[in-house]
Every structure is written in C-alpha cells, then in structure tokens.
Amino acid sequence: MPVNTQFKKGVLELIVLLSVYKKDMYGYELVSEVSKVIDVNEGTIYPLLKRLTNEHYFETYLVESSEGPPRKYYRITSLGKERGRLLLKEWNAFHETVNNFIKESETYDER
Amino acid sequence: MTKDEFLRILDRKLQVINERERRDIIDEYRTHIEMKVQEGKTEAEAIEDFGDIDELVNEILDAYKINTKQVNNSFDHKFNSFMDDLFEGFQRFLGSFTSLDVEDVVRLVFEILTILILLLILRIPFALVSSLGYELLHSLIGFGIGNVLAHIWELIISIAYIVLFIVVFVNLIGKRVQRYRQKNPNSKSVFDDFKDSVHKMNRSHAQDTIYDETKDASYQKEQYQEHPYQKQEDKEQAEFEQDQYQSVHRESDSIGEGVGSLVSVLMKIFFCLMMIPVIGIMVGLCCALGAMVILSLEGLTLFGAYFIVIGGIILVSAFLTAMYRVLWKRG
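Protein chains in written order, with our numbering: chain C, 1 to 111; chain Y, 1001 to 1331.
This is chain C alone, in the form it adopts within the complex (with noise of 0.2 Å):
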C-alpha cells in the first residue's frame, strides 16, 4: 500500500464529517464530493459511512427520488459534529506541528 494512501484514509473521516455538516447528502452525492478534494477508491467511503452512522455521528433518512430507488441521506448528529470539530483541531495542530518541522528543516538545510 503507498504511503499517500494511508494520509487519505486519515483525512478521509474528517473530510466525509465537513461535507455532511454542510449540508445533508446521500450516499453517491457525498462520493463524488469527496472525490473531488482527495482521489480515494469509492468504495471504501460506503464502509465509512456504514461506521459513522453506527457510532451515531450521522443519522439516515430516506427520500423518494424521480429517477430510481428512494436515496438514502445522511444527516450529521450532535454527536458528529462534536467529532467533527474535535478532529478538525487535531487536524490543525498535527497540520502545523509537521508544517513548521518541515519549515524548520528548510531552514537547517539552508545553513
């Protein structure tokens, strides 16, 4: 497995929190949203979603749609958005502690 696959897989929870915070999606709405910030399998995000919902952070309903099978959305739930925020701040320090090693680095190079 590459190594970047392993940063998405990370990030990937984080970014499937935000999106649904946004706004209520269903399930290959919130696919090919996620596809477009990070190029990950698609198939891995059903399982995420699957987790998620278990753990309370999202709940579902579902909608009749005018083309095919009712859609089922995904709606973020106090408990989410407590995960969300919490892993955004990790995000934002583990973000900032590698961003100023890395600058730190830059600096010893140019010595």
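Be aware that one or more of the hints could be misleading.
Claimed, not checked - Away from chain Y, derived, C-beta distances all over 10 Å, residues of chain C:
hint, residue
1, Lys22
2, Tyr28
3, Asn54
4, Ala93
To be verified - Derived lysine-lysine pairs resembling DSSO-like cross-links, with alpha carbons at most 27 Å apart:
hint, chain 1, residue 1, chain 2, residue 2
5, Y, Lys1013, C, Lys22
6, Y, Lys1036, C, Lys9
7, C, Lys36, Y, Lys1013
8, C, Lys81, C, Lys22
9, Y, Lys1078, C, Lys8
10, C, Lys8, Y, Lys1041
11, Y, Lys1036, Y, Lys1013
12, Y, Lys1036, C, Lys23
13, Y, Lys1175, C, Lys72
14, Y, Lys1003, Y, Lys1036
15, Y, Lys1041, Y, Lys1013
16, Y, Lys1013, C, Lys9
17, C, Lys23, C, Lys103
18, Y, Lys1041, Y, Lys1078
19, Y, Lys1041, Y, Lys1065
Simulated from the structure, these hints should not be mistaken for lab results. This structure is a prediction, so every number in the text was calculated from the model and none was measured. C-beta: ideal position from N, C-alpha, C; glycine also.
Based on these hints, arrange chain Y on the given structure of chain C.
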C-alpha cells in the same frame, strides 16, 4: 463482472453481518453502480473502480469492528472462500459461453431432462402404431410385398417420431432460453410451454387447412384421408379461432410452419391413440363399480375395493381432462 454478479459475491462474503444491515450495504453499492451507469460508464468499469473485492469486504467488516484477521484465519473461512472462488470460476467459465447465469443453466438442464422424459413417454403410442401397422401389413398382404410395406411403415413412423422429437425439442428449448434471456423466469413452467407449443402448432395447422389446402403436401392429405374426423375437428377449431389469428396467417405458409402443422396433426393423432387405452380403463372401472353395487345388493360389500375403484376413476378422469386440455385448449 456484471452488477448482479458483484452484488451476489459481496452478499456471500458478508454473511457474518446480519441480514438487514447486509441488504442496506448491498443497496448502497447497487445505487452507486446504477448512478455510474447513468453517467455513461459500463457496469464493469464501475465495479473496477471499487478495486479488489476482498479488500473492500475487509473494509466493510472493519466498519463493523469484526476482526477480519481472525475470521480469515479460521479453517472454515478458508475452506468457504476456496469454495466460493471455485464457484466464481465456474460461473465465469459458464459466463463465457452464455449470458445466462448458473442458476438458470441448472434449471435449464433440469427442464431439458423433463422435456426428454415427456417426449420418451410420447414414444409409446408411436411404438404401438408402428407394431400394429407392421403386423397388419405383414399378415394381410402376401409375404414378399407385405414384408417390404411393413418395413416402410415402420420407417415412416420412426421418421415421423424423430421429426416430431426434434421440432418439439428445439421449439421448447428455444422458448425456455429466450424466457431466461428476458430475465423473466418462473412465470411459466415447462408444461405450460409444452402446452403452448402444441397449441401454436394447432393454430398454424388450422390456418393451413383453410387457406393453403391445395398447397399442402400429399403426405398430409393421406393423413387426412385416414382420419376424416380429425379434419372435421380442425376445421371447427380454425373457424373458432379464425378471426383471432387472421394476422398470423400470412406467415403460416413458411416451411417451418408447414412442418409444425404436420407435427401438430401427428401429435393430435397420437394423443388420441394414447387416450384409447385410458378410456378403456375408465370404462372397465365403471363396469367394476357397477358390479360392486350389484354385489353389495346381494349382501357382499367390499369397502376396500370401493375405495380403489373410485380412486382409480378420479385419477383416470384427471388424466383424461389434462389430455383434453393439452389437445384442445378449452376449459
């Protein structure tokens, strides 16, 4: 891999998850593939985007906190997945020949066997007529010519049977395969198709008698002379169904239909012949019933025999009704 195949494999590999949840997941993937198809991708491309199916399954099981490593290591699981892979291979192997899937193929094989048995039963009246004609020709006409005629008779009967066999067989199997192609199985059984094709041939035959009588082969005429009542019936039926099937009549003088009509006459004749012994049994049973009534009046009542005779009458009449329906689709 098609959508249905993919979803079936997924379903099988996710057996550990309970039914409702599993259906939920499968539905998500089905919708996803359908959306991709709407966007112009093929089913196969959409499925390829999912990557390796086993990895996908592991991801899903992971989401349920099922320890995939442990599950994977148990001997049972290994054996199961081995069998699954074997079956998938078999499916793919079959898939390269035909667009039907395995279940349909298995069912088709079963149905072919059923049709074969039906046709073999049909062999009985043919054999009967064959030996009857043989003996008659043999004993009535002198040795030299009689012998030759008898052999010719036998030959004609066996050819008639073979033609009938092939036409009915091809017709039925074609129909079944087409039905599966349309993905509309279990709406009808083999027996319905059997009935259908007999009637179709009857109809086309009826058309022939009305419109193309002069064109007909001499062999068929011979058959008519032998069975004038048959002709009468056919005409009646033709009139009965004439307006209904007028549109078909133009195509009815093609070669295939001609053979079909010939076969239909033959089939009718042999079904009639088959009915003769059955009617005989019926008459015998009725006589027996009468005799038993007389016996009971004399003071000797045999309940067991009553049961047997009445049961026999019911069975035979059911059989007769079925035959009647196969021959003339009324009632």
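Proposed proximity, Lys8/C with Lys1078/Y (alpha carbon, max 27 Å):
Distance of about 31 Å is beyond 27 Å: violated.
Regarding the pair Lys81/C and Lys22/C, is the alpha-carbon distance no greater than 27 Å?
OK: Lys81/C and Lys22/C at ~11 Å, within 27 Å.
So if I understand the rule, the pair passes when the alpha-carbon distance is 27 Å or less; does Lys1013/Y with Lys9/C pass?
Given pair Lys1013/Y, Lys9/C holds - Cα atoms ~23 Å apart, limit 27 Å.
With the threshold set at 27 Å, check whether the alpha-carbon distance from Lys8/C to Lys1041/Y stays at or below it.
Satisfied, since the Cα-Cα distance of roughly 25 Å is no more than 27 Å.
Checking one constraint from the list: CA of Lys1041/Y to CA of Lys1078/Y, max 27 Å. Satisfied?
Violated, because 34 Å separates the two Cα atoms, which is more than 27 Å.
Hint check: Lys1013/Y vs Lys22/C, CA-CA at most 27 Å. Holds or violated?
35 Å, violated
Minimum C-beta separation from Asn54/C to chain Y exceeding 10 Å: can you confirm that?
7 Å, violated
Regarding the pair Lys1041/Y and Lys1013/Y, is the alpha-carbon distance no greater than 27 Å?
Status holds; Cα separation ~25 Å.
Within 27 Å, alpha carbon to alpha carbon, are Lys1003/Y and Lys1036/Y?
11 Å, holds
Is the Cβ of Ala93/C more than 10 Å away from each Cβ in chain Y?
Holds: least Cβ distance 26 Å, greater than 10 Å.
Check whether the Cα positions of Lys1036/Y and Lys23/C lie no farther apart than 27 Å.
OK: Lys1036/Y and Lys23/C at ~22 Å, within 27 Å.
Measure nothing beyond the straight line between the CA atoms of Lys36/C and Lys1013/Y; if it is 27 Å or shorter, mark the hint as holding.
The hint is violated at about 30 Å.
Going through the hint list in order, the structure does not satisfy hints 2, 3, 5, 7, 9, 13, 17, 18, 19.
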